[in-house]
Amino acid sequence: MHRVGSASNGNNSTRPRKEKRLTYVLNDSDDSKHCAGINCLALLMSAASDGSDYLFTGSRDGRLKRWALGVDRATCLATFESHVDWVNDAVLVGDSTLVSCSSDTTLKTWNALSFGTCTRTLRQHSDYVTCLAAAEKNNNTVASGGLGGEVFIWDIEAALAPSKCNDAMVDESSNGINGSGNLLPLTSLRTINSSDNMSMHTTQTQGYVPISAKGHKDSVYALTMNESGTILVSGGTEKVVRVWDARSGSKTLKLRGHTDNIRALLLDSSGRYCLSGSSDSMIRLWDIGQQRCVHSYAVHTDSVWALASTPTFSHVYSGGRDFSLYLTDLQTRESSLLCTGEHPILQLALHDDSIWVASTDSSVHRWPAEGCDPQKIFQRGNSFLAGNLSFSRARVSPEGSTPVPVYKEPTLTILGTPAIVQHEVLSNKRHVLTKDASGSVKLWEITKGIVVEDYGKVSFEEKKEELFEMVSIPAWFTVDTRLGSLSVHLDTPQCFSAEMYSADLNIVGKPEDDKVNLARETLKGLLAHWLRKRKQRMGSPAPANGELLSGKETASRSSTHSRIEVDGSSENDAMVYPPFEFSVTSPPSIITEGTHGGPWRKKITDLDGTKDEKDFPWWCLDCVLNNRLPPRENTKCSFYLQPCEGSSVQILTQGKLSAPRILRIHKVVNYVIEKMVLDKPLDSLSAEGSIAPGLTGSQSQHQAVGDGSFRSGFQPWQKLRPSIEILCYNQVLSPEMSLATVRAYVWKKSDDLVLNYRLVQGR
Amino acid sequence: MGAAGSKLEKALGDQFPEGERYFGLENFGNTCYCNSVLQALYFCVPFREQLLEYYANNKSIADAEENLLTCLADLFSQISSQKKKTGVIAPKRFVQRLKKQNELFRSYMHQDAHEFLNFLLNELVDILEKEAQSAKNDQETSPPSEKAANGPKNGLANGAKKEPLVTWVHKNFQGILTNETRCLRCETVTARDETFFDLSLDIEQNSSITSCLKNFSSTETLNAEDKFFCDKCCSLQEAQKRMKIKKPPHILVIHLKRFKYIEQLGRYKKLSYRVVFPLELKLSDTAENSDIEYSLFAVVVHVGSGPNHGHYVSLVKSHNHWLFFDDENVEMIDESAVQTFFGSSQEYSSNTDHGYILFYESIGSGNRN
Chain A
6 MHRVGSASNG NNSTRPRKEK RLTYVLNDSD DSKHCAGINC LALLMSAASD GSDYLFTGSR
66 DGRLKRWALG VDRATCLATF ESHVDWVNDA VLVGDSTLVS CSSDTTLKTW NALSFGTCTR
126 TLRQHSDYVT CLAAAEKNNN TVASGGLGGE VFIWDIEAAL APSKCNDAMV DESSNGINGS
186 GNLLPLTSLR TINSSDNMSM HTTQTQGYVP ISAKGHKDSV YALTMNESGT ILVSGGTEKV
246 VRVWDARSGS KTLKLRGHTD NIRALLLDSS GRYCLSGSSD SMIRLWDIGQ QRCVHSYAVH
306 TDSVWALAST PTFSHVYSGG RDFSLYLTDL QTRESSLLCT GEHPILQLAL HDDSIWVAST
366 DSSVHRWPAE GCDPQKIFQR GNSFLAGNLS FSRARVSPEG STPVPVYKEP TLTILGTPAI
426 VQHEVLSNKR HVLTKDASGS VKLWEITKGI VVEDYGKVSF EEKKEELFEM VSIPAWFTVD
486 TRLGSLSVHL DTPQCFSAEM YSADLNIVGK PEDDKVNLAR ETLKGLLAHW LRKRKQRMGS
546 PAPANGELLS GKETASRSST HSRIEVDGSS ENDAMVYPPF EFSVTSPPSI ITEGTHGGPW
606 RKKITDLDGT KDEKDFPWWC LDCVLNNRLP PRENTKCSFY LQPCEGSSVQ ILTQGKLSAP
666 RILRIHKVVN YVIEKMVLDK PLDSLSAEGS IAPGLTGSQS QHQAVGDGSF RSGFQPWQKL
726 RPSIEILCYN QVLSPEMSLA TVRAYVWKKS DDLVLNYRLV QGR
Chain D
12 MGAAGSKLEK ALGDQFPEGE RYFGLENFGN TCYCNSVLQA LYFCVPFREQ LLEYYANNKS
72 IADAEENLLT CLADLFSQIS SQKKKTGVIA PKRFVQRLKK QNELFRSYMH QDAHEFLNFL
132 LNELVDILEK EAQSAKNDQE TSPPSEKAAN GPKNGLANGA KKEPLVTWVH KNFQGILTNE
192 TRCLRCETVT ARDETFFDLS LDIEQNSSIT SCLKNFSSTE TLNAEDKFFC DKCCSLQEAQ
252 KRMKIKKPPH ILVIHLKRFK YIEQLGRYKK LSYRVVFPLE LKLSDTAENS DIEYSLFAVV
312 VHVGSGPNHG HYVSLVKSHN HWLFFDDENV EMIDESAVQT FFGSSQEYSS NTDHGYILFY
372 ESIGSGNRN
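Chains as they are written, first to last, in the working numbering: chain A, 6 to 768; chain D, 12 to 380.
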């Protein structure tokens with residue numbers, strides 16, 4: 006047993022990161038689908054009678070999508086991709102502006118009817134932005150709330166207004182035209198706003214600053230605004246509802262009553278009545294004029310996370326953690342269970358006689374709702390009176406039992422790809438095994454970004470054990486699944502620690518001992534499209550100056566690093582080897598940030614060359630443009646080579662030896678044989694073989710051995726070639742094991758490895 | 012010495028409890044940390060009775076190998092079997108075994124009573140578990156004929172052994188804490204249980220045990236740079252963390268953190284804060300939300316201005332009398348005198364006698380195992 010000591014509170018601590026990281030997000034084959042829970046919905050009704058209605062969905066996969074809604078189908082028309090973390094809320098402003106907020110601490114404005122044009126990124130929040138509110142009849146006012154109690158009120162028109170002196174906090178991430186004013190031909194149909202011509206290079210502080218509504222002591226999780234944009238209501242982990250003057254940001258009043266966090270808020274059009282949903286499972290109706298709670302409704306059995314009301318504010322639709330959607334008459338307190346799903350409900354959007362339901366699942370469902378005449382639902386029977394205390398619902402129900410849902414099936418489903426919920430990096434450090442929310446187990450190759458094996462619904466643990474390989478590769482990347490898919494993170498210098506023989510990757514035309522750096526080749530694969538576009542753009546004289554500037558910057562940066570290795574020629578290294586070619590049909594997205602402008606996300610096929618060098622971390626450019634890698638200390642493995650006890654074979658060695666950690670045991674065998682047969686001095690071997698003496702204070706350079714000379718060396722002594730085996734801890738080692746594998750699985754110590762050799766017995 | 016004992020006997024007179032013994036313990040060079048804890052444990056009546064029962068059952072076997080458990084049992088047996096009602100006993104054998112077992116207690120430096128208590132309880136548990144394990148092994152290797160005869164018992168024994176072993180030390184002192192973390196996004200509560208033999212409480216000036224326990228269980232928000240990684244959300248989220256007592260122990264031992272490391276001084280400073288510890292304690296913040304009542308029966312008191320100086324004494328309640336044990340000396344004190352050991356309201360006070368380890372026994376039979 007563990008020793009039982011005093012129990013006391015402990016604290017966690019986090020470590021700061023030094024250099025910017027580069028992340029790539031692997032996409033499944035179907036890019037028209039979300040692959041994580043849907044946090045928010047926004048409906049855009051068509052003005053024309055024959056026009057299409059649009060639904061906007063914001064997801065935990067970091068993206069928003071626009072769907073054209075038909076009677077029996079929904080078509081994905083656009084993907085809005087620029088956020089680098091969860092999209093938490095989205096609202097429509099005016100006729101054509103979509104505003105989203107994210108856990109990446111930003112708000113973004115988009116051209117709602119474009120194919121993904123981001124018009125502005127607004128940085129004012131210091132932590133996750135959780136919620137937005139828009140005034141229906143005021144085309145410009147949007148409020149945002151987030152962690153840390155931050156609430157800001159934005160004038161979107163002012164925030165988007167062209168200005169020569171924009172703040173550095175406001176950046177441009179649109180496609181098409183860059184700040185320098187150079188016009189490039191567009192390869193796809195995109196709508197360009199005039200604001201795309203913003204300059205990004207000014208550092209003046211003058212610029213738009215939103216109104217700050219100060220007063221929340223804790224995080225804000227819900228916001229709502231009245232039609233004219235004069236009243237703002239917010240709630241969160243403080244457990245109170247706060248009311249603000251939206252024009253000045255000043256506090257108006259505080260409403261108490263909920264016993265747990267506020268998670269959803271709704272205001273009627275005049276701003277007189279407010280509905281709140283809480284983690285205490287209650288819905289409350291507040292009269293803001295009278296500053297009191299008029300009604301409380303106990304219909305849910307768990308937290309209430311989503312609210313939607315009929316246009317006349319006579320009925321409320323509510324959903325939450327109990328997977329259930331309820332309809333409640335605010336006056337009579339009559340309530341009905343409309344439907345029950347399989348996931349907690351996150352948001353609702355009423356659409357004529359239907360309601361869209363978003364949940365932690367990646368699919369969105371449309372259910373009948375009778376929004377124009379809710380009484381029809383109560384006439385179907387099975388309604389009950391909502392109590393005003395939690396858990397009292399059963400007592401007032403006529404049957405005394407749980408309600409039966411009015412509807413069994415949704416009328417339409419927008420399917421999503423199930424999110425990845427479990428993952429394991431395999432020991433070869435190139436494959437990741439995943440399980441998704443539907444139970445499917447897949448094997449991904451992260452240097453190509455594709456699924457190489459789909460095992461279906463099998464046991465994840467069994468498959469993991471089945472796929473185990475006894476190999477030891479440094480951990481050159483980390484993985485997380487917060488976006489519902491695999492996000493692969495590369496950090497310098499750790500990511501450059503892994504090498505493999507080209508032969509093992511089936512790269513043809515290379516010498517036997519040629520090695521590739523996994524991170525370098527992956528970066529070249531990721532940036533191949535951008536490099537091609539950049540080369541095309543470099544043909545014009547104007548970017549030449551930029552190139553020179555970039556070169557200077559890189560040179561000054563590299564001067565701070567000593568002993569930088571330069572491998573091969575630039576022409577040769579520009580080639581992307583087949584194991585590192587990323588798919589063009591489902592390309593990954595890159596998430597990173599450069600020296601300015603903040604983090605961004607973009608598909609590798611959308612990197613059209615206009616992205617400046619300043620937008621990438623310097624170490625990535627150093628790698629793919631200048632073939633420079635940071636100093637790496639762990640690519641070598643030191644070891645001692647000794648005869649087995651009692652062995653008749655003996656060669657003289659010069660103490661400690663050093664070799665690449667990926668060196669195979671059969672190379673050590675060859676080394677011993679050469680020493681025995683050729684009886685050459687040790688010094689001359691370093692020029693020929695892969696093994697070199699480990700001299701103090703320096704690491705010898707690896708030199709490729711010529712196959713021809715090696716084989717010719719064997720020819721005269723073929724008859725006399727003895728059979729040698731290598732052991733560690735009296736265990737005979739397989740010739741295919743690498744030194745790193747022996748160290749990890751046989752030696753298992755931090756000391757220098759000790760290998761023994763002997764003649765194969767039985768000869 | 013004899014005079015003091017006689018004095019105590021006279022003071023109690025006819026009220027001297029039947030069968031009880033009040034013996035001081037000799038100091039072998041700064042062993043008051045040991046003596047004070049031993050007195051508190053001796054007057055933890057359920058613990059004493061079970062230890063003496065263990066000693067009676069294992070006396071012949073125990074002679075084979077000496078350990079801290081046998082030495083402690085031997086010491087308690089010596090005290091309880093004395094002809095005299097008062098006097099002094101030398102815990103020489105126990106102290107020698109203690110110094111042999113743990114290097115920390117080998118020097119003649121002053122030691123921390125709480126460290127000693129922790130070491131002792133865990134050592135007793137280790138010994139009992141090893142004994143149970145070896146007994147189990149003996150059972151499995153018995154001859155076939157005997158095994159056939161013992162079949163049903165053996166099967167039962169095997170079944171009983173599947174769960175972690177619960178010794179009588181656990182039954183007296185062990186409670187369970189639960190660490191609950193609630194993600195504020197998906198509101199999933201993650202609970203992690205943790206066993207304890209005592210609670211270490213942070214203290215504040217002019218506070219009480221009830222308020223210190225409340226602080227111990229208070230909700231802490233994980234936010235900003237210290238977010239919680241939620242397995243359900245697969246990401247960092249705000250969360251609320253709270254500690255609750257899931258299973259209260261029969262004997263609740265409370266350690267007041269009176270020694271605080273001062274970075275600038277490079278050493279520990281004693282916090283002489285006044286912390287009121289009641290004679291009756293009600294635990295209200297438990298996971299089961301049922302009130303548990305405890306009664307104070309012993310206090311280990313630290314005397315002095317710093318952790319490496321000074322002295323330890325014990326206050327013990329026995330048969331409704333309060334006794335003061337100071338190594339060899341045993342005196343009777345008024346119950347009202349217990350509050351003089353709460354601590355000082357002023358920072359520089361002449362009073363340096365402060366309650367350090369509190370021993371409460373639960374009232375009522377609900378918690379007995």
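Calculated from the structure, these hints are not laboratory results.
Please read these numbers as outputs of a predicted model, since none were measured by experiment.
Every residue, glycine too, gets a C-beta built ideally from N, C-alpha and C.
Watch out, some of these pointers could steer you wrong.
Quick list of simulated restraints, FRET-style, between CB atoms [claimed, not checked]:
1. D/K243 <-> A/H300: 52 to 60 Å
2. D/R203 <-> A/E517: 33 to 41 Å
3. A/H300 <-> D/E346: 54 to 62 Å
4. A/T600 <-> D/K268: 44 to 52 Å
Hint-by-hint comparison with the structure:
no.	hint	verdict
1	D/K243 <-> A/H300: 52 to 60 Å	violated (33 Å)
2	D/R203 <-> A/E517: 33 to 41 Å	violated (52 Å)
3	A/H300 <-> D/E346: 54 to 62 Å	holds (56 Å)
4	A/T600 <-> D/K268: 44 to 52 Å	holds (48 Å)
Consistency with the previously given hints fails for numbers 1, 2, ordered from lowest to highest.
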